[in-house]
Amino acid sequence: MADIMDSPVVEAAEQSGHLILNMGPQHPSTHGVLRLVLEIDGETVIKATPEIGYLHTGIEKMAEAKMYQQVVPLTDRIDYLAPLSNNLCYVLAVEKLLGDKLEVPRKAQWTRVLLNELSRLNSHLVWLGSHALDIGAMSVFLYCFREREEILKIFEMVAGQRMMTSYFRIGGLALEPPLGFHERVRAFLSTFPSKIDEYENLLTYNSIWVGRTRGIGVLTTEELIGLGVTGPCIRATGVPLDLRKTNPYSCYDEFQFDVPTRTEGDVYARYLVRMAEMRESVKIIQQALEGMPEGPFKAEAAGIVLPEREQMKYSIESLIYHFKIVTEGFRVPAGEAYQAIESPRGQMGYYVVSDGTARPYRVHIRTASFGNLQALPAMIQGRLLADVVAIIGSIDIVLGDVDR
Amino acid sequence: MISEELQQFPVVARLLAWNAASVLEGKVDRNELTLVLDSAHWLEAARLLQSDPELHYDFLSTVSAVDWYPADPRFEVVYHLYSTTRHDWLRIKVRVNADQEVASVTPVWPGANWYERETFDLFGIRFAGHPDLRRIMMPDDWEGHPLRKDYPVEGYR
Chain A
1 MADIMDSPVV EAAEQSGHLI LNMGPQHPST HGVLRLVLEI DGETVIKATP EIGYLHTGIE
61 KMAEAKMYQQ VVPLTDRIDY LAPLSNNLCY VLAVEKLLGD KLEVPRKAQW TRVLLNELSR
121 LNSHLVWLGS HALDIGAMSV FLYCFREREE ILKIFEMVAG QRMMTSYFRI GGLALEPPLG
181 FHERVRAFLS TFPSKIDEYE NLLTYNSIWV GRTRGIGVLT TEELIGLGVT GPCIRATGVP
241 LDLRKTNPYS CYDEFQFDVP TRTEGDVYAR YLVRMAEMRE SVKIIQQALE GMPEGPFKAE
301 AAGIVLPERE QMKYSIESLI YHFKIVTEGF RVPAGEAYQA IESPRGQMGY YVVSDGTARP
361 YRVHIRTASF GNLQALPAMI QGRLLADVVA IIGSIDIVLG DVDR
Chain B
1 MISEELQQFP VVARLLAWNA ASVLEGKVDR NELTLVLDSA HWLEAARLLQ SDPELHYDFL
61 STVSAVDWYP ADPRFEVVYH LYSTTRHDWL RIKVRVNADQ EVASVTPVWP GANWYERETF
121 DLFGIRFAGH PDLRRIMMPD DWEGHPLRKD YPVEGYR
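Protein chains in written order, with the numbering used here: chain A, 1 to 404; chain B, 1 to 157.
This is chain A alone, in the form it adopts within the complex (with noise of 0.2 angstroms):
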């Protein structure tokens, strides 16, 4: 974050006659606080410089200061769209850690999986109605918003929050998932691919919305892979780049679903490679249900898991660790390890490093949307202005994400 109205850049636009136009932080176009920096000439970016920053609050930092199961729900904050992502991500890095210390039960590894599409429903519905909305198709919004909502009701039956849900607890999930929520789920599945062509006919072959998308926002497989950008926008250029796929976590390896690819790698096609991924979401969570397996929701671990609540009534040594790890937490072996898995905008990954206490020593967030919004100063340079709105859509950034 820095007061570019100051630097060398102002100064060299204004000796060569460009305009500086500043769009953001308050700019509805930006998704959030984004302030992007453009020297134009006429209508064409010469130059764009995207300033962040205006989100950032220490997450990192605060992570050092509490025990590990306290991190969980710091992680919600970060990608607001997709905070089971963010939970999974943490608790898979902390559970590498502690190794052989515990086993998470299949049950808890199927409904992680089944909860973390479910969020890449939500997110990409949030990303096709704002970008659909930046645009100028109003009504894919209002429908897009109409299908989250119920995804949302869906997080709340399990989580008891629409958003900051924190379900996902190292050793399993927080709660047994309630009854009636497979039912739920069912339902939602029953009428949720039709929505998609429904979204489709609005869209796919809408001239406006071709016309404003096709082939801008263009770079080279080389180019992005180099400057770090992963999710469906290395997908659009070809790359069936999927760590789902290619570094299986959480039993994923169990599931069937296509990759999806397009090789234009233009902003209509991520639209589409985004489309596709919500119909292989929704496969994923179709046999997540069917193949549900019986069994404990938690890990056995004493010391590291909460123990249920009718335990604690006539056990003493569970009532022990109970009180432990809610006043002490539990110790984690000494090492570091890297977990990265594929969220929605791309990979996320969690890199802990611990030196034996019951707190993290150092916690380190890679996002998606910092990666591809480096990205964007290339995809928007020499293209107009309306097309930066169309690009900023089409990268799909949430600016909690960026600056954590």
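No wet-lab data here; the hints were simulated from the structure.
Hints should not be assumed to be uniformly reliable.
Unchecked claim - With beta-carbon atoms standing in for the labels, derived distance ranges:
#, chain 1, residue 1, chain 2, residue 2, range
1, B, Asp140, A, Gly42, 44 to 50 angstroms
2, A, Pro240, B, Gln7, 47 to 53 angstroms
3, A, Pro377, B, Asp38, 40 to 46 angstroms
As the list claims (entries may be wrong) - 30 angstroms max Cα-Cα, derived DSS-like pairs, lysine-lysine:
#, chain 1, residue 1, chain 2, residue 2
4, A, Lys101, B, Lys27
5, A, Lys66, A, Lys324
6, A, Lys61, B, Lys149
7, B, Lys149, A, Lys324
8, B, Lys149, A, Lys245
From the three backbone atoms N, C-alpha and C, an ideal C-beta is built for every residue, glycine too.
Put chain B on the given structure of chain A with help from the hints.
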């Protein structure tokens, strides 16, 4: 000295064949390979890791640092590399003190730009050859580097 077991990894063997002094330490912990490289050879080693067709670590996932205050050298700059063709992870560490510089890897992976700016902003580690080393998260006139261990969580009052 690098153990026999570690030399079985193609990346270790390749780096040692290129320059035996470049790798200072290595370990496999929780199935993750970590190599500590010499800061003097880091930029050249990065070029090799990125361009060698058999290694092909073309994707820089993240750059960050760990502050081991009051140890000497104080910081470990940590790079997580990924190969998009072999789907393989590698963690590289370069150790530095607060008054030393690390070579910037922006010529090798342009995406390192913002990660290095962030590490500079929050840890105060300087990257030599970085095109635009300004603060990225904190305001320009901010005092101190928040992720250092001697910086209090609630900030300076």
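Results of checking the hints against the structure:
no.	hint	verdict
1	B:Asp140 <-> A:Gly42: 44 to 50 angstroms	31 angstroms, violated
2	A:Pro240 <-> B:Gln7: 47 to 53 angstroms	33 angstroms, violated
3	A:Pro377 <-> B:Asp38: 40 to 46 angstroms	33 angstroms, violated
4	A:Lys101 <-> B:Lys27	21 angstroms, holds
5	A:Lys66 <-> A:Lys324	15 angstroms, holds
6	A:Lys61 <-> B:Lys149	9 angstroms, holds
7	B:Lys149 <-> A:Lys324	27 angstroms, holds
8	B:Lys149 <-> A:Lys245	38 angstroms, violated
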